[in-house]
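S.K.: Sequence:
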Amino acid sequence: MLMRPYSLAPVRGGWGVQARAALAVCLCLLGAFGFGRARAASPPVSVTEAVAAAVRLATAGPTGGQAVLAADADLVAAIEPSMLVPCLAAFAEATPAGVNWLSSGLDRAVERLGDAVPIDDLTTFVADVSRPARGRVLAERWLRNRDPARAAELLDGMLADPALPLRRAAIEKRLAAVEDVSEAQQLAVYREMLAAARDVDQVQAIAAWLREHGETVDVSEVLGFVKRWRVSEAFDNVGGIGFAAVYPPEQAAAAPDTTDWHEVAAEGDQGAVDLNAALGTRKGVVAYAVAELDMSRGRTAEVAEVRIGSPCAVVVWVNGEKVIDREIYHASEAIDQYVGEAMFRAGTNTILVKCCQNEQTESWAADWKFQLRVCDPLGTPLGVQP
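Going by this note's numbering, the sequence shown opens with residue 28, and the numbers climb by one from there.
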């Protein structure tokens with residue numbers, strides 16, 4: 028099919044609508060691929076200038092200032108070898124958008140530097156667990172591409188690394204190393220790696236191997252799901268009124284009266300609290316669930332992550348403080364779907380969950396359940412139930 032060409036002839040003293048649109052598209056494409064903007068004529072004159080540009084990239088917001096950020100990315104892409112590791116430190120302040128901007132600029136710099144990339148400095152940076160995790164992961168990738176043996180050697184000391192991608196790779200390397208040893212030796216290593224793993228899918232894979240070899244593994248325990256709950260009777264959610272309604276349990280969210288509530292145990296590897304099973308399959312209803320979690324006594328209060336997954340709308344309070352509030356029904360369901368931070372005191376803490384089921388009748392909207400765990404930022408379970 029022939030496309031009608033855009034006319035660039037002026038119309039009534041100005042450009043035609045089609046011409047202006049075409050020009051705008053061309054300019055956008057040129058900008059996206061880096062054409063039409065000023066390129067850095069020379070590298071930054073100092074480490075200070077390079078790091079300042081890296082920090083501006085790292086702290087980028089989700090919108091705005093694209094031309095300025097593009098210029099900073101060009102500047103970072105032109106750095107000298109001695110500036111690479113100082114720029115990596117800027118990941119300590121990185122926003123989600125900033126991670127992309129800074130990674131792009133530094134990847135271009137490393138590609139341009141070629142054999143001049145400072146391998147020894149990168150090795151030291153990757154090995155230093157006090158450095159920003161995202162920067163270490165990026166540096167490890169560069170190192171692996173240039174000196175695979177050195178990168179592999181570093182992984183041997185990363186089984187408890189705070190950078191989860193490095194920890195994951197270290198665990199995979201350790202498991203691969205025992206493929207040809209005795210089953211008894213394999214079992215010992217797999218048990219050790221189960222305790223070290225934090226990525227949910229890796230935990231599940233290791234547990235599956237152990238089960239295939241006769242081991243009993245409670246995956247929900249390994250992942251730290253809160254398993255013992257007391258569940259209320261159902262309240263009204265017809266027409267979705269229940270999510271915003273303040274029913275009696277949340278009027279005293281710090282210490283709700285659970286007299287006559289149902290004792291319910293979470294089930295399965297994913298620690299699911301099945302409200303249909305506890306209260307009967309219902310539609311247009313709300314239920315509350317309460318659990319207690321003890322943090323180590325003798326310690327000061329600490330911030331921890333509350334992680335909940337549910338196909339239903341949920342609200343979570345810790346000691347009466349609301350930490351998660353999501354009015355979404357049957358869109359998806361996943362472990363750690365929603366994450367909030369809460370202050371946990373030493374001793375006993377009260378967790379209250381409000382779980383709302385809507386009136387959808389499709390089979391895929393039948394589930395009325397949730398799963399919850401309390402972790403540090405790496406996914407290490409915290410607390411025990413009294």
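It should be emphasised that the hints constitute simulated quantities derived from the structure, not laboratory data.
From the three backbone atoms N, C-alpha and C, an ideal C-beta is built for every residue, glycine too.
One or more of the hints may lead you astray.
List time: in silico DSSO-like cross-link candidates among lysine-lysine, alpha-carbon distance up to 30 Å [what the hints assert, rightly or not]:
hint, residue 1, residue 2
1, 310, 254
2, 349, 254
3, 310, 349
Across the chosen pairs, the derived CB separations fall in these ranges [unchecked claim]:
hint, residue 1, residue 2, range
4, 361, 289, 39 to 47 Å
5, 304, 90, 40 to 48 Å
6, 208, 310, 33 to 41 Å
7, 393, 281, 47 to 55 Å
8, 391, 272, 19 to 27 Å
9, 255, 74, 53 to 61 Å
10, 216, 155, 54 to 62 Å
11, 282, 93, 26 to 34 Å
12, 203, 282, 29 to 37 Å
13, 94, 260, 52 to 60 Å
S.K.: Hints numbered earlier in the text: which of these fail when held up against the supplied structure?
M.R.: 4, 6, 7, 10, 11, 12
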